[in-house]
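These protein sequence lines are chains Z and U, in that order. Heads up: the first sequence at position 288 corresponds to 288 in UniProt numbering, and the numbers run straight through without jumps. Heads up: the second sequence at position 25 corresponds to 25 in UniProt numbering, and the numbers run straight through without jumps.
The reader is advised that the hints may include incorrect statements.
[Said to hold, decoys possible] In silico contact screen, one side only, chain U against chain Z (beta carbon under 8 Å); selected entries: (1) D93; (2) R129; (3) G130; (4) T131; (5) E133; (6) L136; (7) A137; (8) L138; (9) E140; (10) R141; (11) V163; (12) S164; (13) E168; (14) G174; (15) S175.
[What the hints assert, rightly or not] Rough simulated footprint, nothing fancy, chain U against chain Z, three-plus residues with beta-carbon under 8 Å: (16) 228-238; (17) 246-254; (18) 265-272; (19) 292-302.
If you are wondering where the hints come from, they were derived from the structure by calculation, not from laboratory data. Positions of the beta carbon are idealized from the N, C-alpha and C atoms, including for glycine.
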Amino acid sequence: MTQRTRTLSRHVFLAVVIAMTALVNSAHAELLIRITEGADSAIPIAVVPFSESGTMPAGDKVSRIVQDDLTMSGEFRPLPPEKMLSLPSRREDVYFRDWRMLGQRYVLVGELKRSADRVSARYELFDVNRQERILGETASASVNSLRTLGHHISDKVYEAITGVKGAFSTRLAYITRDTFKGKPRYRLQVSDVDGKRARIRLESQEPILSPAWSPDGKKLAYVSFETGKPVIFVHELATGKRTKVADFPGLNSAPAWSDDGRSLLMTLSKDGNAEIYRMDLASGKLTKLTDHWAIDTEAVYDHTGQGIFFTSDRSGGPQIYHMDSLDAEPRRITFGSRYNARPRPDNEGRFVYYVHQRNSAFHIARTNLKTGEETILTRTSSDESPSISPNGRMLIYATKQGDNSVLTVISADGGAAYSLPASEGDVREPAWGPIVN
Amino acid sequence: MNLSTQTKALALLLSVGLFAGCSTTGETMDEGGAGTGSDVSAIDQEGGSTVYGGGDEGGVSSSGLTDEEKQAAEEQAKQAALREITTFYFDFDTSEIKPEAREVLVAHAKYLASHPQQDVRLEGHADERGTKEYNLALGERRANAVKRFLIVNGASRGQIETVSYGEEKPAVMGSNESAWAQNRRVELVFK
Numbered sequence: 001m002t003q004r005t006r007t008l009s010r011h012v013f014l015a016v017v018i019a020m021t022a023l024v025n026s027a028h029a030e031l032l033i034r035i036t037e038g039a040d041s042a043i044p045i046a047v048v049p050f051s052e053s054g055t056m057p058a059g060d061k062v063s064r065i066v067q068d069d070l071t072m073s074g075e076f077r078p079l080p081p082e083k084m085l086s087l088p089s090r091r092e093d094v095y096f097r098d099w100r101m102l103g104q105r106y107v108l109v110g111e112l113k114r115s116a117d118r119v120s121a122r123y124e125l126f127d128v129n130r131q132e133r134i135l136g137e138t139a140s141a142s143v144n145s146l147r148t149l150g151h152h153i154s155d156k157v158y159e160a161i162t163g164v165k166g167a168f169s170t171r172l173a174y175i176t177r178d179t180f181k182g183k184p185r186y187r188l189q190v191s192d193v194d195g196k197r198a199r200i201r202l203e204s205q206e207p208i209l210s211p212a213w214s215p216d217g218k219k220l221a222y223v224s225f226e227t228g229k230p231v232i233f234v235h236e237l238a239t240g241k242r243t244k245v246a247d248f249p250g251l252n253s254a255p256a257w258s259d260d261g262r263s264l265l266m267t268l269s270k271d272g273n274a275e276i277y278r279m280d281l282a283s284g285k286l287t288k289l290t291d292h293w294a295i296d297t298e299a300v301y302d303h304t305g306q307g308i309f310f311t312s313d314r315s316g317g318p319q320i321y322h323m324d325s326l327d328a329e330p331r332r333i334t335f336g337s338r339y340n341a342r343p344r345p346d347n348e349g350r351f352v353y354y355v356h357q358r359n360s361a362f363h364i365a366r367t368n369l370k371t372g373e374e375t376i377l378t379r380t381s382s383d384e385s386p387s388i389s390p391n392g393r394m395l396i397y398a399t400k401q402g403d404n405s406v407l408t409v410i411s412a413d414g415g416a417a418y419s420l421p422a423s424e425g426d427v428r429e430p431a432w433g434p435i436v437n
Numbered sequence: 001m002n003l004s005t006q007t008k009a010l011a012l013l014l015s016v017g018l019f020a021g022c023s024t025t026g027e028t029m030d031e032g033g034a035g036t037g038s039d040v041s042a043i044d045q046e047g048g049s050t051v052y053g054g055g056d057e058g059g060v061s062s063s064g065l066t067d068e069e070k071q072a073a074e075e076q077a078k079q080a081a082l083r084e085i086t087t088f089y090f091d092f093d094t095s096e097i098k099p100e101a102r103e104v105l106v107a108h109a110k111y112l113a114s115h116p117q118q119d120v121r122l123e124g125h126a127d128e129r130g131t132k133e134y135n136l137a138l139g140e141r142r143a144n145a146v147k148r149f150l151i152v153n154g155a156s157r158g159q160i161e162t163v164s165y166g167e168e169k170p171a172v173m174g175s176n177e178s179a180w181a182q183n184r185r186v187e188l189v190f191k
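Produce the entire structure from the sequences given, and follow the hints as far as they go.
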């Protein structure tokens with residue numbers, strides 16, 4: 001680890017960078033995850049390759065998916081399988097002394113069985129020091145959905161050890177931009193949170209912006225310029241059905257869902273200036289929440305679901321403001337520099353994350369809402385679009401690499417970044433989906 | 001006299017940078033066969049009106065015009081030349097119209113006022129720095145600033161449409177001060 005990492009935070013883990021690969025003519029261009037920084041304080045865990053009975057499909061092994069998920073979280077340091085002294089798949093074959101000798105705190109073992117078109121996994125997690133089983137479960141999935149099975153096991157393991165729900169089964173929405181036949185091509189894509197199983201949901205020659213997940217994970221709201229101007233659409237993922245929800249003169253942008261999924265916050269400038277509104281989706285009824293000559297935009301609900309954070313330049317430059325309720329007086333949150341924008345609060349009311357300009361660079365920073373203390377989380381310098389994992393433990397954002405935009409994942413309490421090979425085209429505007437049961 | 005010398009002479013005479021117009025002008029002169037020099041016409045690209053400039057040393061052409069007419073023609077040519085400029089630049093995170101843009105925008109406003117059938121779209125842009133949504137609002141504010149200026153100077157509200165692209169459509173690729181400066185802009189698009 002570098003010295004900087006040690007000084008930055010006790011909890012610096014790793015950065016996982018997701019770069020879009022240039023798969024020409026592929027409808028399923030996937031993001032590549034590259035782990036760029038290791039972890040000092042990560043928990044050592046042995047994910048033993050699962051035994052298999054019956055034919056398994058080609059592709060990543062379930063235990064490999066679990067190993068990669070846990071690595072990506074930054075909170076675990078899985079033992080490479082080649083260093084294991086044995087490959088048990090049941091409790092009776094687990095020799096705790098061996099694992100202790102290897103410095104492991106946890107051991108995950110399991111077996112996979114195929115029957116017809118389903119695969120079932122029986123797996124167990126052990127605490128090496130206490131020599132106890134702390135998790136045992138059977139789960140199954142269709143033979144084509146082994147990634148779903150892997151992410152499910154990762155979630156369970158993560159929760160059993162940390163006490164916090166895992167977010168590996170969640171999804172990511174993002175926008176890619178490249179050039180096709182001499183014209184810009186924007187694509188709204190949805191993938192697993194590790195960048196795999198990406199699917200294109202919308203393609204346009206005009207910009208697509210600001211994807212936002214509905215609380216049930218079934219819909220995305222976003223801004224599309226397909227009609228020549230910014231218009232807000234709601235898109236049902238299962239059916240592909242799209243509804244134009246806001247197409248007023250001027251801006252229709254920055255959609256954000258309410259907790260009940262029945263209304264959207266949005267920025268409209270139909271009366272001449274960018275203001276924040278709440279729209280009831282069933283009736284289309286609008287409530288104006290700000291009324292100021294300044295730019296007011298990028299609104300999002302706080303953890304209570306009653307108040308909102310938003311960006312306003314009413315003090316001269318963009319700063320983060322909070323309203324305790326929709327008719328409360330806005331209170332300024334950020335003071336650390338001239339430019340702070342696009343707030344994203346955690347689910348517990350502890351922190352708000354945002355884009356922060358320091359000198360000439362743009363970083364992701366967060367402010368502790370109780371103490372007002374501000375911490376800069378990233379070292380990269382053109383950072384945008386922070387999005388918090390639904391369990392509050394990880395942060396994904398877009399940054400520049402050369403002339404391209406790439407996505408980077410860091411732990412939410414401090415992070416390092418990056419350095420990855422050049423990719424073709426941009427990937428930007430990540431939105432981390434909710435945990436859906 | 002070769003083409004470029006003629007062009008220079010013409011530019012000098014008109015004492016304004018009639019450059020975009022000059023490409024048309026130059027061709028006309030070339031085809032017309034040099035020798036004496038002759039009336040030149042600069043076709044105004046937007047309005048399609050014809051503007052006559054003064055003659056060169058040959059001095060054949062302007063004989064039919066009175067001094068007042070000449071002055072008016074020169075003023076018209078100057079206005080048309082100003083209107084060749086359709087992109088206006090801004091400082092970071094501001095929407096203030098720069099002093100050097102005012103004369104040009106006044107020329108556009110006058111033109112719109114005298115051509116009520118002419119519509120214009122103002123496309124506001126921001127550089128890539130900062131957040132996309134804030135930049136979308138900033139691009140709109142820049143377009144609105146230009147819109148207000150045009151209206152104050154005679155254009156009518158109904159002729160003007162605004163759209164913001166935020167940071168989505170840079171004029172110049174790259175992440176440096178020069179690219180950013182060229183991307184913080186409002187473009188006038190005449191329809």
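Hint status (Cβ of R129 (chain U) to nearest Cβ of chain Z, threshold 8 Å) = holds (6 Å)
Hinted contact T131 (chain U) with chain Z - closest CB pair below 8 Å = The hint holds - T131 (chain U) has a Cβ within 8 Å of chain Z, the shortest such distance being about 4 Å.
inquiry  = A closest beta-carbon separation below 8 Å is what the hint needs, so does E133 (chain U) meet it against chain Z?
reply    = With Cβ-Cβ at 4 Å, under 8 Å, it holds.
inquiry  = Using a Cβ cutoff of 8 Å, are there at least 3 residues of the stretch 265-272 of chain Z near chain U, or does the coverage claim fail?
reply    = Three-residue rule met by the stretch 265-272 of chain Z, so holds; n is 3.
ask   = Checking C-beta pairs, does the stretch 228-238 of chain Z have three or more residues closer than 8 Å to chain U?
value = It holds: at least three residues are needed, and the stretch 228-238 of chain Z offers 3 whose Cβ sits within less than 8 Å of chain U.
ask   = Was the hint right that G174 (chain U) lines chain Z, CB cutoff 8 Å?
value = holds (7 Å)
message = Under 8 Å between beta-carbons, do enough residues of the stretch 292-302 of chain Z, three at least, approach chain U for the coverage claim to hold?
response = holds (count 3)
ask   = Minimum Cβ distance from E140 (chain U) to chain Z below 8 Å?
value = Given a least distance of 6 Å, the restraint on E140 (chain U) holds.
task = Closer than 8 Å between Cβ atoms is the bar; does S175 (chain U) clear it against chain Z? Give me holds or violated.
result = holds (6 Å)
request  = Would you check chain U against the stretch 246-254 of chain Z, counting CB to CB pairs closer than 8 Å, and say if three or more residues qualify?
outcome  = holds (count 4)
request  = Against chain Z, run the beta carbon of L136 (chain U) and see if the smallest gap drops under 8 Å.
outcome  = holds (5 Å)
Hint check, D93 (chain U) versus chain Z [nearest Cβ-Cβ separation less than 8 Å] = Nearest chain Z Cβ about 6 Å off; hint holds.
Checked against the numbered hints given earlier, the structure satisfies every one of them.
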